Amino acid sequence: MDLATFLVQCLNAVQYGLLLFLVASGLTLIFGIMGVINLAHGSFYMLGAYLAFALSPIFGDQFALRLVAGVVLAAAFGYVLEWAFFSFLYQRDHLQQVLLTYALILVFEELRSLAVGNDVHGVPVPPWLSGSFRLGGLMEYPWYRVFASVACLVVAFALYAVVNRTRLGMMIRAGASNRDMVRGLGVDIRRLYRIVFAGGVALAALAGMIAAPLSSVYPGMGSSVLIVCFVVVVIGGIGSITGALVASLLVGFVDTFGKVFFAEWSGVGVYLLMAVVLVWRPEGLMKRAV
Amino acid sequence: MRPTFTTLATALVATAFAAPAFAQSGPIKVGLMLPYSGTYASLGNAIENGFKLYVQEQGGKLGGREVQYFKVDDESEPSKATDNVNKLIKRDGVDVLVGTVHSGVALAMAKAARENNVLMVIPNAGADAITGALCSAGVVRSSFSNWQPGYAMGIVAGQKGVKRAMTVTWNYAAGTESVKGFAEGLEKGGGKVIKDLNLPFPGVEFQALLTEIAAQKPDAVYSFFAGGGAVKFVKDYAAAGLNKTIPLYGPGFLTDGTLEAQGASAQGMLTTLHYADDLNTPRNNAFRKAYAIAYKAQPDVYSVQGYDAAQILAAGLKAVDGDLSAGKRDALTTAMHKTVVDSPRGKFALSAAGNPIQDMYLREVKGNNNEFRSIAVKALADPARGCKL
Amino acid sequence: MRSDGIVTAPLNDTRAEVGELPDIGRREAGGWAVPTAAVLVLALLPLVLSPYAQDVVVRIAIYAVFALSLELLVGATGLVSLGHAAFLGIGAYAAVMGSGESGASLFFLVPIALAIAAAYALCVGLLSLRTRGVYFIMVTLAFAQMAYFVFHDTKVGGGSDGIFLYVKPVMQIAGTTVLDLANRAHFYYAVLVVLAATYAFIALLLGSRFGHALAGIRVNEQRMRAAGFSTTPYKLAAFVIAGALAGLAGLLLAVKDGGVNPELLSWHTSGEVLLMIILGGIGSLRGAVIGAIAFTLLKEACQSEALLGPLASHWQLTLGLVIIGFVAALPRGLIGLVERVRQVGAPRG
Amino acid sequence: MADASPTASTAATGTPLLSARGLGRRFGGLAAVDDVSIDLAVGQIHAVIGTNGAGKSTLVNMLSGELAPSAGSVHFAGHDVTRWPQPRRARAGLGRSYQRTTLFPEFSLAENCRLAAQAGAPRPWRFWERASADRAGLATALRVLAEAGLAADAERVAGTLSHGGKRQLEIAMCLATAPQALLLDEPLAGMGAEETGRMLALLTTLKATHAILLVEHDMDAVFKVADRVTVMVNGQVIASDVPERIRTDRAVQIAYLGDEAPTLAAGAAALLPEGAGPALGRPGGRPR
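First to last, the sequence lines map onto chains A, B, C and D. Just so it is clear: in the first sequence, position 181 is 181 by our numbering, and no numbers are missing. Just so it is clear: in the second sequence, position 19 is 309 by our numbering, and no numbers are missing. Just so it is clear: in the third sequence, position 271 is 950 by our numbering, and no numbers are missing. Just so it is clear: in the fourth sequence, position 259 is 1287 by our numbering, and no numbers are missing.
There could be a bad hint or two in this list.
[Claimed, not checked] Listed below are the simulated DMTMM-like cross-link pairs for lysine to aspartate or glutamate, each with C-alpha atoms no more than 20 Å apart in a straight line:
(1) C:Lys978 / B:Asp373
(2) B:Lys678 / C:Glu780
(3) C:Lys847 / B:Asp509
(4) D:Lys1252 / D:Asp1269
(5) B:Lys637 / B:Glu347
(6) B:Lys656 / B:Asp590
Keep in mind the hints are simulated off the structure, nothing from the lab. None of the values given here were measured: they were computed from a predicted structure.
With the sequences and hints as input, model every part of the structure.
What follows is the structure, encoded as structure tokens:
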């Protein structure tokens, strides 16, 4: 392929990678800090998308407001869910966590189908982002995709700042590396967990809301994202935000160019990538040596 | 304690599924194996409604016998298909199978139907093999073969002077079969497919493929997607500005039941299908009226397929006065194959392999409707490759 | 792994004489009596059961083999795998592709299915055992997903529609057919034998030094290393054996369904088999079997309109809630319940 | 001073069985253990004492092979075992017990020991043989249980033992692997007086045939049985000598009590609650 095409493909890879990062970062935090494996995380992505769909008529063109409202709702939902459900999982072993969250997926999917049915729905792009610009001689690139990438980047940096600059972030990092130590520091661990979980849900939901206008909303949109996110977390290293970012981008590139060059085998690419990383660094790319 | 549990459980199984005795008199047992949960649930309901509508029009009787329904949710889950179909065949002892939407499931059903010598009418699943290599006298289809709409669109593209085309679809049978049909039709018109693009099902990350299309600059693109994929692909295609320079063609499923979600990005798209909602024939209008009254909802192509499934079955049963005994079997199946179905989509006959020989319509998206434009191919028959019938 | 605690087997009473020590391998009270009785009952069932009921029994029996193979991994070794369906599917594909258009002998198919499933298990094991806990779960899931895509996307296994098994395998000795799986009775008893053999094999395995080493690793791998066990080879061996047995179950499933489909490898299958063993009760072979029965019946119940009316079409909701309630209330599964009942009934010193 | 002079000990009792040179281990920025050299010889109990976080357990973990040292080397029975993984060292005769009791609670005492003994001759492929038929293993198990004074309880399920009993079983399991050297991490933690007595008696009998490293907080006990004492503070050795001279060593007293110290033994014992474990590198607690 010529250079221009190559560059555009890179752009696509980055854009996909960043979106993945938004979902995976929440997942990796929840893993890293609570040590809970949450299969239902994909459902939060779906929740976000459907929130965007449900809220768009209410807020109309107030896109920013819609996002904020969605994030707040999702965070609240996450906070409650942690209190009502996940807080009982910490003492359980991984096996039971897997089964309980697996059951949660079934429940969420059915609730979704009861609430909004099984049809596909589109979500409008805000007018001020609806245009697109010419990209070389090739094609037009919608402004909204640019926005999506930028938004993801902003969130990524914000997240990075929170984790590395604030007291909460300090506790999070400590929690990710050594849970006992945090307890030692006299931190209210339950509250920390609740906040982190709510944050994780909010992140996934935000990703869903940003993606909704691009992907539209449809049944089962969560679980396809989930497994790729697992791969991202494994590659990046549990609990590491930076790792999640790097891994997401890697996956983005492998997926994008896989589709172009080995159409038939493209589905396998990301998993091969994971295998390679496992051979090379079983703890993931960015796992701190503890 | 434990042994009693084990035996109790097995006993439970035993009693729960003891098969009822087969009956020649009494109602005809129709097994509806359709998706009632998950992504295809709405299709399943449409098909069931269509089927029942026709039976009601016949006074609730087929071949002079009452109809008794048995329902199983096939979950669109091929790996469970054999178990699910056996519930109908072996547990409920149905005389006729009606189903389903998902091709993989339908293939397993057809196999079971053949092995247990049960009649089967397929109201949607388009897998070519069902009326091809795996065809059998007792299995007929009221819908289409994946090949048909693709081929028709290929012909249309050829007429429009398309020389270099590309195809995009998911890595799954329905997609690849549809794409093959298109390529075949296009070559008739002197064009050819320069590249097939595909991605894992049910992935929806299309940007890479769109970029590839933009780079190759074909005269046209043919794509097969359904549900969420269809919506997203059409939107992304338009968002990438490709629809301005490179027309996007596809089978009707690309724009059926998805227009509300696709919105502006689908306007003016051309698709081929064996049905169009606004088909202005007395038969279609009557059907739509009756359906709307019966179910307070607008029918779609799936309701039509369900409706016609009942018609084909009725024709067969009529010929033998509802006598399903082995002796009358041949007469029954022959009648089903010979019947000319007066369908809302227009009259059609069945091929030897049991697939409709039907007109393929060219439709154009206007607003939220697929408007009938012209007949793309008249009385198109599936090649039924590999069928011995 | 945080597998400590869940998998505590019932404490054996100390009636044994010195030298005949309490044997954690034989974790089931009553030893072989109960399984043998169950097998006899199953062997007699065809006399009373309708053909459909027989099929259901066969189906459950095959799932039981599958569940037993996973129990060896999760219950006995403490390795929670969320990708076990891959081996089931690979075994099934191996069987179908091996028998081709004209069918093949079981003498050929069984080894093939076992070997290929084991081979993939070896590869996955080598990689995934470099990780532990949450990682291990995710990695096994991911590799199962990879196998899924290979069969679903590529021409390797007939794509998304899968492949049919045109001729069911037979077993011929000196020209005479001794076993023809196309015959319902033959197949029924073949499956029964496989189930019994698998159960016996795993029970034997757990009673052996190898099994005790696995138990030690499950309870406290650190201590085992300190004692001088190189634990990874043990875990790998368990992983491969479990994979091979799952492959055997896959072969039976392919024969039963007369074909294979990539959905067999989907992660929902992996989830369901995990459900089976925890429903029945982790850390007990019987639990795995009971779990297979219970799960199949539970799903039937959730889907039956007769029981739940309109809710039946939303059976996943019911199933999900039931699972949550169950895991929350009975972490040790039905076996645990049985034990509790027994202990209440006859408290032991 | 900071350099422990091994020659003193080697002179006393033949060549060292286990000798570490310049061991160091850093966690991130912090040096848990820094340039520690230590020797163990048969016939000698070498005690390591020190405040919490002095790096005692980290040291044991490096000697047993659970933790790879960032610097230094470990030699055991004439081999350089620095790169050997723990299981290999264990099979070579380097046994250890854990500060936090790590048994197989659901097994019988005998099975606990038999399993440990099995490591020597695993023969895992013979899956048709019941483990309970492992006569050799059982014999070893019963022998070591007797040595540890648990013979009567061979049938009992480990989980039901008293705390002291569990600590004894720990030692028994160590012995079952037929070790030449024993690394004991606070075997007395949380024991009653009379249990402690029994344990000390056991240790003194064992030392005739084993080289023993004893990490302990109970000063009275240490000074009762140790032939040599090494004192660690902040990951470094500040003194290593025979007990009498350690008692009176200024640096040690300052390290423990600040100035104006009476005699260390009583003071330190009072100051350091029994079973108070070092904060660093909890062995047995597996990272997640």
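For each hint, the structure was consulted:
no.	hint	verdict
1	C:Lys978 / B:Asp373	holds (13 Å)
2	B:Lys678 / C:Glu780	holds (17 Å)
3	C:Lys847 / B:Asp509	violated (49 Å)
4	D:Lys1252 / D:Asp1269	holds (15 Å)
5	B:Lys637 / B:Glu347	holds (18 Å)
6	B:Lys656 / B:Asp590	holds (16 Å)
The structure fails hint 3 only (numbered hints given earlier).
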